[in-house]
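**Student:** With chain X fixed as given, assemble chain L onto it according to the hints.
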Amino acid sequence: MKNIIKDIINQDVLNEIVLAFIFFISSIIFAINEDKMGKEYQKKYIIVIYLLFFMYFVLFGAKPDVISNSIGLFLLTIFLINLICGINYGYKSDILTKFIGRKNLIILKSLEWFFVTKTYIVYVFIFVLGAISYTLVNRNINVDTTCYSYYIVFAIFFIYHLLTNMIDTFGVYSFERLSTGFFKTKEYFKNYGANDCQIDNLPNILGFLIFVEDKDYFFRKSAVFSIYSVLKRKLIRFKSLNMESKSRYKGKSLQWLIYYYSLFKAVIKLLERVFRNIKTYLRGFSTIEQQIVRVLLCILIHLINICIEEKSL
Amino acid sequence: MYPDTFDKYMYRRKIFVEWVVNPMFFKAFRERRKLIRRLKKIDYNEYKVEFLLFYYKDILGMPPTIDKLIDKISKNSRLNRYNLEILLKKFDSSELKPIYNNIIEEQFKRLNMECFLLHKETGSAFSNAVLTEL
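Order-wise, the sequence lines are chains X and L.
For what it's worth, the working numbering labels the leading residue of the first sequence as 1, then goes sequentially.
For what it's worth, the working numbering labels the leading residue of the second sequence as 1, then goes sequentially.
It is worth saying that the hints were derived from the structure and are not from the lab.
Incorrect hints may appear among the rest.
Here are the simulated lysine-lysine pairs, DSS-like style, with alpha carbons at most 25 Å apart [stated by the list, open to error]:
#1 Lys89/L - Lys186/X
#2 Lys190/X - Lys109/L
#3 Lys34/L - Lys186/X
#4 Lys97/L - Lys221/X
#5 Lys89/L - Lys232/X
#6 Lys215/X - Lys97/L
#7 Lys234/X - Lys89/L
#8 Lys184/X - Lys97/L
#9 Lys97/L - Lys234/X
#10 Lys98/X - Lys184/X
#11 Lys103/X - Lys41/L
Between beta-carbon pairs, the in silico distance windows are [said to hold, decoys possible]:
#12 Ile227/X - Asn76/L: 35 to 43 Å
#13 Gln11/X - Glu31/L: 23 to 31 Å
#14 Glu85/L - Lys44/X: 54 to 62 Å
#15 Pro98/L - Val267/X: 18 to 26 Å
#16 Ile71/X - Glu31/L: 34 to 42 Å
#17 Lys41/L - Val66/X: 51 to 59 Å
#18 Phe60/X - Asn76/L: 51 to 59 Å
#19 Ile167/X - Lys72/L: 30 to 38 Å
#20 Glu85/L - Lys265/X: 43 to 51 Å
Stretch-level coverage of chain L by chain X, calculated; a stretch enters the list once three of its residues show a Cβ under 8 Å from a Cβ in chain X [said to hold, decoys possible]:
#21 16-26
#22 29-43
#23 63-76
#24 79-88
#25 96-102
#26 106-115
Here the structure is a predicted model, which means the values were calculated and not measured.
C-beta atoms are modelled at their ideal positions from N, C-alpha and C, and glycine is treated no differently.
Looking at chain X on its own, in the form it has when it is part of the complex (with noise of 0.2 Å):
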């Protein structure tokens, strides 16, 4: 294919056509004249990673050896095109998200992008390319035929990307939707008048809800389960425990050296029963913060209007 192409353009020409490519894969890319971030624009995107490789393959030849060499530049570029999309929808991201700075910014779009276009197809399907290059080169097997191999391994992958990305319907809202929802809650909380409270002992009830849902919730200052907050909060557990152990030991020779054994065996105790219970940690334990972003910030895109006509009806 690619001396039929010589044959019929010269030089002058290809250089013409490689540069008009280039420049309609990075309109697409950079998403010129694209209003928001559709499913139209996520199939533009797909279909633009699937033509490189297919040029790729008519231009250099669907040969193992080559293939097999050039595994690195094919990670290297779905890495920056991913990149960049993620640097164009931070562009067009809200205010409130703009405030966690340039950096955080790329890396959260970068891996929006990539888990909303299911980007990880691409770097399994770079990863068959090299499995199949791997074995062909090491069996010696014959050349000519194999190529085939790739444009079939190829079509299913595109035509699979492009079908689960049809049906799929993950997204995420932006900040500025969560927070317009926590300001309305906070206003009405402080309209709430004294005469029709009708909710008993409130500071109780959110107690026994933290209790119940995230223990170390004032613990800790970060928005994820950490190992260190919950140690700080089973060591006050500790302390009003053994206060009496620890007056018992008083007299006695080397009583801080008892005392913090006694702690070391309780925190070597804790840790046991964390891994012990590790399936249950991975399953569960979301904090309350998590089940605040996970459920009205984390959505399904176009089922959600389909759920809420069914409830109303």
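**Tutor:** Then chain L, alone, in the frame of chain X:
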């Protein structure tokens, strides 16, 4: 809102939403608050109690008593009513209860939400405190 449907997206939800988006959102929120209030350091308990109220109203639908709260949690959680009642007993005798209550009451006073500190059974929390001091 529709928590059951998220099982389909378990890994993306767990890895991306809970471990990347969540800390980023709270970072953005803190940075904006710092800028608006011209603070160098932020009091974490301030916004934590506010978000706790947000969680209580928007996700749990404001159950007015602990009994109704247990009903609500037992529907969505793997903990059943029996387990939650045992937890309630533990909570009443726990050393964490006064710590939580102190933080929450302090923040309620800051937010001018004293009406929530009036208890039905015991009357005013403030009056009780004043009486004991006298």
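**Student:** Now look at each hint and say whether the structure bears it out.
**Tutor:** Hint-by-hint comparison with the structure:
1. Lys89/L - Lys186/X: The hint is violated at about 31 Å.
2. Lys190/X - Lys109/L: Cα-Cα ~11 Å, so holds.
3. Lys34/L - Lys186/X: holds (18 Å)
4. Lys97/L - Lys221/X: holds (20 Å)
5. Lys89/L - Lys232/X: Holds, at roughly 23 Å.
6. Lys215/X - Lys97/L: Judged against 25 Å, a Cα distance of about 10 Å means the pair holds.
7. Lys234/X - Lys89/L: holds (19 Å)
8. Lys184/X - Lys97/L: violated (29 Å)
9. Lys97/L - Lys234/X: OK: lysine 97/L and lysine 234/X at ~14 Å, within 25 Å.
10. Lys98/X - Lys184/X: Roughly 22 Å between the alpha carbons, so the hint for lysine 98/X and lysine 184/X holds.
11. Lys103/X - Lys41/L: holds (22 Å)
12. Ile227/X - Asn76/L: 35 to 43 Å: Cβ of isoleucine 227/X to Cβ of asparagine 76/L: about 26 Å, so the range 35 to 43 Å is violated.
13. Gln11/X - Glu31/L: 23 to 31 Å: 54 Å Cβ-Cβ, so the 23 to 31 Å window is violated.
14. Glu85/L - Lys44/X: 54 to 62 Å: For glutamate 85/L and lysine 44/X the Cβ distance comes to about 56 Å; the hint holds.
15. Pro98/L - Val267/X: 18 to 26 Å: holds (24 Å)
16. Ile71/X - Glu31/L: 34 to 42 Å: holds (40 Å)
17. Lys41/L - Val66/X: 51 to 59 Å: Holds, at about 57 Å.
18. Phe60/X - Asn76/L: 51 to 59 Å: Since phenylalanine 60/X and asparagine 76/L have Cβ atoms about 55 Å apart, the given range 51 to 59 Å holds.
19. Ile167/X - Lys72/L: 30 to 38 Å: holds (33 Å)
20. Glu85/L - Lys265/X: 43 to 51 Å: Violated, at about 31 Å.
21. 16-26: Result for this restraint: holds, n = 11.
22. 29-43: Result for this restraint: holds, n = 4.
23. 63-76: holds (count 6)
24. 79-88: Per the Cβ count (4), the hint holds.
25. 96-102: holds (count 5)
26. 106-115: Per the Cβ count (6), the hint holds.
Consistency note: the structure conflicts with the earlier hints numbered 1, 8, 12, 13 and 20.
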